[in-house]
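Asks: Sequence:
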Amino acid sequence: MTEQIQISLTGYLDVPEDRLAAVTAALPAHIVLTRAEPGCLAFDVSMDEDIPGRFTVTERFSSRADFEAHQQRMRASPWAEITAGIPRHYQITETPG
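Residue 23 in full-length UniProt numbering sits at position 23 of the sequence shown, with consecutive numbering throughout.
Derived by calculation from the structure, the hints in this document are not laboratory data. One or more of the hints may lead you astray.
[Said to hold, decoys possible] Label pairs and their in silico Cβ distance ranges: (1) Ser-62 / Leu-20: 27 to 35 Å; (2) Ala-21 / Glu-94: 29 to 37 Å; (3) Ala-25 / Arg-64: 14 to 22 Å; (4) Ala-25 / Ala-76: 31 to 39 Å; (5) Thr-95 / Leu-20: 32 to 40 Å; (6) Thr-95 / Arg-75: 20 to 28 Å.
Fair warning: this is a prediction, and the values are worked out from it, not measured in the lab. Glycine residues also receive a C-beta, built at the ideal position from the N, C-alpha and C atoms.
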């Protein structure tokens, strides 16, 4: 039997002040859509209390396929348009599930 591998992503994005209102407004819908995806085990985005404009991101998916499906959906979403060009600082890890 093949062991299932979970995919976790942790990191942050720093949103420029002039885009902060739009990103903050779009975030709740992005969270709801992501949490509803098949294989999403956890998805949290929170504003850093010490660094203005920084959003900390943690997500976990039950498989590489589920994570890739999330990435594909996200790339075609309003969230991708609103956050286009904002660098992401993420680390992706694989762990036995």
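Asks: Give a verdict on every hint.
Replies: Comparing the hints with the structure gives:
{"no.": "1", "hint": "Ser-62 / Leu-20: 27 to 35 Å", "in the structure": "32 Å, holds"}
{"no.": "2", "hint": "Ala-21 / Glu-94: 29 to 37 Å", "in the structure": "36 Å, holds"}
{"no.": "3", "hint": "Ala-25 / Arg-64: 14 to 22 Å", "in the structure": "31 Å, violated"}
{"no.": "4", "hint": "Ala-25 / Ala-76: 31 to 39 Å", "in the structure": "19 Å, violated"}
{"no.": "5", "hint": "Thr-95 / Leu-20: 32 to 40 Å", "in the structure": "33 Å, holds"}
{"no.": "6", "hint": "Thr-95 / Arg-75: 20 to 28 Å", "in the structure": "24 Å, holds"}
Checked against the numbered hints given earlier, this structure breaks hints 3 and 4; the rest are met.
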